[in-house]
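Those protein sequence lines, which keep their order, are chains A and B.
Heads up, the first sequence is in my numbering, so the first residue is 1 and it goes up one at a time.
Heads up, the second sequence is in my numbering, so the first residue is 1 and it goes up one at a time.
Please keep in mind that the hints were generated in silico from the structure rather than gathered at the bench.
Incorrect hints may appear among the rest.
What the hints assert, rightly or not - Just some of the chain A residues that point at chain B, by a computed CB distance under 7 Å:
#, residue
1, 151
2, 154
3, 155
Stated by the list, open to error - Not close to chain A: a few residues of chain B, all C-beta gaps over 10 Å, as computed:
#, residue
4, 46
5, 63
6, 99
7, 113
Glycine included, each C-beta is placed from N, C-alpha and C at the ideal position.
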Amino acid sequence: MRRTGRHRRVKPAVALKMTSMMDILVVLLLFLVKSFVADEQMSPSAGVQLPESTAKEHPEDSVVIAITETSILVGEDWVADLSAVMASDEMRIEKLARELETIRAQKEDLARIQGVDVQLGLVTIQGDREIEFAVLQRVMYTVGAEGWDEISLAVIRTT
Amino acid sequence: MSRHRIRKMRDLVEADLEIMPLMNLFVVLIPMLLLSAVFLELSVIHMAAPGGDGAEADAKESLDLAVHITADAYRVEGNGIEAREFPREDRRDVGATFQLAAYLQTVATDHPDNRAVRIVSQPTTHYDEIIEVMDRSREAGLPEASLQGDQVSH
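Please work from the sequences and hints to get the whole structure.
Right under this line is the structure:
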């Protein structure tokens, strides 16, 4: 039997219930606004599981050396393989020293242009929790030998 | 009340709030804040780079407190204090860490002028063990920790 237009059902207009979604969004927004920090934050380097600590000092702008379980990086740049570093008897890590020398030269050039004394500032070491002291010792020795006298160790803050 | 008026009232009550502009704002704000959110808060522990000769000269006259971390124990040594060893079963032995913290607290209370501690590690000591001892020392009132190797091979 053919349906006529008169018998066809009219679909009711569906109004989306937005209230519950708005509730979620408001809560999410408040949480995110609360955790928002305007300063640029230091973030852990990829491949590094930092140890936890009760230290409370905030990280400062610095040269970041990341030590993963396999390699050493300065900023985002790969510098040396950990296996090669440990195979050597030298305390000084040559490739790391060269990278630090480059950074030092850049800072010196900048200071000369600005007409101020050169300040090397801080070096922050982001070491994986599983690395051995022998690696850390070599990195710290190299940093110290290259003229940086302030080192900070990055950790994940616990309460 | 006339039927026409009742219908008009019903239309007024059923009017929806115009929330689309608010939704648009949320859709922009939430991804922006999510991108800038810090879920892991980082801290730092400041320390001096190795190589200072003055510290070693001073150490002979002062307390020269040192915590040695070995594979099976923590050992506390210093001038004029009783050397103590706290055996530990593994690197996550909480009991030994508590004993170490309690002894460091006693030493710090007896020597209020001393704020320094040397943390002497083996080449195979893990980084998180060193941070753990630094935390316990700082909490005991010895915030100036320096790191040293037990078998330095230059």
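Structure-based check of each hint:
no.	hint	verdict
1	151	holds (5 Å)
2	154	holds (6 Å)
3	155	holds (5 Å)
4	46	violated (5 Å)
5	63	holds (23 Å)
6	99	holds (18 Å)
7	113	holds (23 Å)
In this structure, only the earlier hint numbered 4 is contradicted, and the remaining ones agree with it.
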